[in-house]
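Chemist: Chain residues, written in single-letter form:
Protein chains: 4
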Amino acid sequence: MPNSFGKLFRVTTWGESHGAAVGVVIDGCPPNLPFDLAEIQAELDRRRPGQSDIVTPRKEEDRVEVLSGVFEGRTTGTPISLLVRNADQRPGAYDEMKDKFRPSHADFTYQAKFGRRDHRGGGRSSARETVGRVAAGAIAKKILAQGVKAAGGAAVEIRAFLTQVHDIAMPEEARAAFPTLADVEATPVRCPHPATAAAMIARIKHVRSEGDSVGGVIECRVRGLPAGLGEPVFDRLEADLAKAMLSLPATKGFEIGSGFAGARLRGSEHNDAFESRGGVVHTTTNRSGGVQGGISNGEEIVFRVAFKPTATILQSQKTVDILGAETELMGRGRHDPCVVPRAVPIVEAMTALVLVDHWMRQAAQCGTFTFA
Amino acid sequence: MPNSFGKLFRVTTWGESHGAAVGVVIDGCPPNLPFDLAEIQAELDRRRPGQSDIVTPRKEEDRVEVLSGVFEGRTTGTPISLLVRNADQRPGAYDEMKDKFRPSHADFTYQAKFGRRDHRGGGRSSARETVGRVAAGAIAKKILAQGVKAAGGAAVEIRAFLTQVHDIAMPEEARAAFPTLADVEATPVRCPHPATAAAMIARIKHVRSEGDSVGGVIECRVRGLPAGLGEPVFDRLEADLAKAMLSLPATKGFEIGSGFAGARLRGSEHNDAFESRGGVVHTTTNRSGGVQGGISNGEEIVFRVAFKPTATILQSQKTVDILGAETELMGRGRHDPCVVPRAVPIVEAMTALVLVDHWMRQAAQCGTFTFA
Amino acid sequence: MPNSFGKLFRVTTWGESHGAAVGVVIDGCPPNLPFDLAEIQAELDRRRPGQSDIVTPRKEEDRVEVLSGVFEGRTTGTPISLLVRNADQRPGAYDEMKDKFRPSHADFTYQAKFGRRDHRGGGRSSARETVGRVAAGAIAKKILAQGVKAAGGAAVEIRAFLTQVHDIAMPEEARAAFPTLADVEATPVRCPHPATAAAMIARIKHVRSEGDSVGGVIECRVRGLPAGLGEPVFDRLEADLAKAMLSLPATKGFEIGSGFAGARLRGSEHNDAFESRGGVVHTTTNRSGGVQGGISNGEEIVFRVAFKPTATILQSQKTVDILGAETELMGRGRHDPCVVPRAVPIVEAMTALVLVDHWMRQAAQCGTFTFA
Amino acid sequence: MPNSFGKLFRVTTWGESHGAAVGVVIDGCPPNLPFDLAEIQAELDRRRPGQSDIVTPRKEEDRVEVLSGVFEGRTTGTPISLLVRNADQRPGAYDEMKDKFRPSHADFTYQAKFGRRDHRGGGRSSARETVGRVAAGAIAKKILAQGVKAAGGAAVEIRAFLTQVHDIAMPEEARAAFPTLADVEATPVRCPHPATAAAMIARIKHVRSEGDSVGGVIECRVRGLPAGLGEPVFDRLEADLAKAMLSLPATKGFEIGSGFAGARLRGSEHNDAFESRGGVVHTTTNRSGGVQGGISNGEEIVFRVAFKPTATILQSQKTVDILGAETELMGRGRHDPCVVPRAVPIVEAMTALVLVDHWMRQAAQCGTFTFA
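Chains as they are written, first to last, in this note's numbering: chain R, 13 to 384; chain B, 13 to 384; chain X, 13 to 384; chain V, 13 to 384.
Hints were generated in silico from the structure; no laboratory data involved.
Warning: the hint list may mix true and false statements.
The list makes no distinction among identical chains, and a pair is therefore deemed to hold if it is satisfied within one copy or across any two copies.
Calculated pairs, SDA-like style, for lysine to any residue (alpha carbon to alpha carbon, straight line, at most 25 Å) [what the hints assert, rightly or not]: (1) Lys217 x Arg70; (2) Lys161 x Ala375; (3) Lys110 x Val292; (4) Lys161 x Gly236; (5) Lys330 x Gly379; (6) Lys330 x Asn298; (7) Lys217 x Arg278.
In this text the structure is predicted, and so the values were computed from the model without any measurement.
With the rest of the complex left out, here is chain R:
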């Protein structure tokens, strides 16, 4: 079950970077959801390699095929199986990795854990595995939009975007508004602040020209979410979001609301006072990030995820081989000089998976039976 996520809306991903295919099975999807493969494809295209000149040139069409769970254009409630064939495999490019561990990759640890590994392009540890997450997330996003609207609610919107690449960060004031999808997608770096985006792109190209890489930070916001989602004490909403984000390759940190900066405040500065706006309870500020006691409070969910610089660099590095002898490894092959822009749709997908799952859990406990 380590390759499954979610309790009720449960996704199971499978596949290696240079195997035959990657895919996902979604168990627990509500029935009768209109199903449009083009919408899933559109999300996959956002994470696809080769989409701009600041990402890896690996050529993958990433054509998604649906094998089950859909009938006459709608979901049936049975497992949805989605499959994407791997196309641009160059396993030979990875021959050197067979015997040498790439620094800060998962080569050494997979070998230590399993006693063997598919070394081609990182095998299962490759970010290619996230294809299945993004496909499932596209369905979850649609549930949050259409399923809530049909019940008279506001569509839930999830928006992730880059706030930082290396030491280039969006100005604080530019982060106040909920960015539009168009603003995020306006540049390949997916930062909605044009001046910052331009600087980020320049920095990525610069480090790439030096055979190097950089990290960055993604912020993700959710609006339209009602109060009441989250399952204390262990499955708090922020706990499951943190797990979802730290389950992504290259992530090193997660913070919600005030985050690490909140540790530097006093209670009198940090507390979110309640107020009534238009007859609805709101908080005046949102240092809680939309979650209190592990449960959504109806405000915007706001969290950030730190990504380390890509481990693959086109430089010679010290390492050891499979026998433990010290050696050097010269990085080569295709890679992203900064994985963060392509991680934006993945962060959104994981967020959608968490939210649909928690919504169903909340409905099950608090909405199934009512008592006089």
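Starting from the known structure of chain R, fit chains B, X and V onto it as the hints suggest.
Modeler: Chains B, X and V in isolation, oriented as in the chain R frame:
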């Protein structure tokens, strides 16, 4: 199941702050573990209220009772049920909370989720719930020490400590060494650097004198852990640690290894080169924090957790009542001006729970059957 | 987790026959359910030892105490912890069992699995463990009655009863009607057919007088259940019922609807034709036992459970000791000459747990989101 | 998760009878297991339609493809994805089913549960779904054979076979020996007793000639299993076996050891005395069916499963249409006059899944840590 944690070493906590008792059931504990109630009590004493003059004066003996799963001084492999009676209840002190939501507490969200709540001292959302976690964690710690030693391994040691209170932080160079338990416990603030500890204590006393509170940061390290623990792709070791930490009251962030600072580095600065030391593969640096690709690599596990300032402050705050009308609430009653020192044993306990669970999972998949 | 049952309405039992107490934690209970300890006590009294002259004379008041999850007379949605102290312990009576394995008991297998065991009265393998199941089942029964009625549905009724003791069976024609609780409880043997009940009681007294024991069969029916409950392909309603029943001590078989007799029929004899009665789809016959394709069809659920004769008999039996040497063991102490009458409330409790859990699962997937 | 089975060796099946494909994902498979697609194909061929003249003539090659989790001829410990394309689809043959519910099929209940269904050939409720189970079971069988032998144990053997078709049953004395695979596979009906097999085949052909169908009983035995497998109190070995069997289409009952007949015995007749044979503890008889207290005792596991007659018959039957109006339905199309022979490899597969999962669970709790 939201009140259960772990897949194979599974703990279930129950109880409210001012109910009859709090407790925990541990399912899946290995049999034949020597069981000493005094060791569990010792860990509970570390998180107990009233242990020093910088924490809440609530008086709780927190005497733990074992009800099952132990026979003739050893565990039997059946569920271990542990119970702690609540003693110093002052439910009357919370009457005002019945109708008014305390800012940045869980009052509003529990009401929104469940339609009712035990308002006395926060009920289930109180940190008093962590009594059960610490009791279970004491058992997990012992397994990691004795169970590994008996098999010829090094005892696994877990050490958490404060690196920051408000804007007072340990100097970077003081964080190089693995602190001793004695150094951590030398002061009530649980920071192993004496000068920083003194400043932290002074700061906590100062904000308390102003009816205010502060947050802080805990670092946790683990040494002696072998390579190979962690279950990609979703149950990566850091993902489960992140979830464990964000499931704790008042936490706002988690980072492992280089964390958010890692986003500011280049790959050539961030990568951990491999080397051979005494015939064993190690990394020269440890920006990975002991985990690569979601699996431990044999280096020290290093992560940090951000805590917000205590929400309860002895000041008047704007809020709304249960009908949504705006009002004011004057904080009163006993509380911690800074929860972080008492959170140290809780962070250690959750870490121990994650590690034992992952160890058992790793053994199950990779150690049960072997093939020629 | 082997001591937990259910996915969303999840119960965890703990406790040994001669330990300090037995108990249960219920996680996922809907909030706002009126809570009455007397109703739980009433169900516990039905399974209590010493309630009649055909069961074990062990004296246990089985007074249940609630420790959490209830506030001002209603459930809060947080874990409900229930505890029953063991009273009439006579551990000394079991000294011989410490070194000798009782035939057809769990002594040998617990020793083989765990390397040690609490031998007193069977420890964890004792049917005393079912105290927690019955307490949790009483809550589940109430949810099925009140929670459905409040939503405008018919209360769901669960009725178990003995159809067979040894070779004495209820006549087929007497099994047509849904028995009343009063008819079931009219005799200590819990068979609603008076003549059969009398013969059963006589048989039990007779075998007891010879130091022997007998088995029997329980039938359980459920009415008022809507169509749509059950989660194919693995968590079919009958699959989870079968698991629930075979998880009870002394059970050897489960069958639903036509059961083993159905294997002797032709399809043309076995199929349940559909018809319309009062505008509602029904089946003319019910050989399916209320479940088709793993999902309830709105008809009565009907299943049967086989119980073996009590393993404890007051006769000398061949066995081995803990060192593997052959020896003899003379049964002594208190026991039930036939466990089946006391198993009736336990079968009902497990049925209620399965149904509430499946109801919540069905609501989560098919009732949370709706699509235009 | 209703389409997943197992806690540690976890299989997830997907696919509909007349969709694009059916398949399975296996998560938690031990690494380094030699992988041979031909062995999986051989098991699939045993359940394949069209293999003899007493089963459905539907033509399916059932060619299995491996998409992940295998590298250079061995498993890697990552998810194994297996896929079988559906070939001989005749969706037009099912047009009448679109609006009419077939008696004793799952048409009505799927419609009631999900509000829509893939009606073609039963969609998800078709036994075609078991392709994935058999493929996963082939891997589990190999683990039980090779993984135990490599550790110095005896290969675990699982053998299922028909003991009854309609009212034709194997003589009791013929059931004493553990049948060979060759004896089971000697006839298409998979009964190892030649005379009984011949009578069964004749009966199946006869009822088919009348457009009718029959049910039957499968017995399954396991030898070579050590004592200690099974996870009380809820995940007893027989409870998980019962669930596994009742999760199969067309099953109506499960019994282990003495089963329902055991209810007719006295304790003095039923108890299995212990004895020492060659220094190993055994039971003289095996009415327990190899399980005591939910844990294997080292004897043969023996259980039986009842199958109802195939619901599809070539006769006119009363039913209702999707609007609830009464109508008639004339069965047509391809079907098995008796599903039981093809269920033999499926029963074996599910048994293997249960045993591998329990073996890993037992190893995790009782074999990971040891204490002085």
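Chemist: Of all the hints given earlier, name the ones this structure violates by number, lowest first.
Modeler: As far as the earlier hints go, only 5 is violated by this structure.
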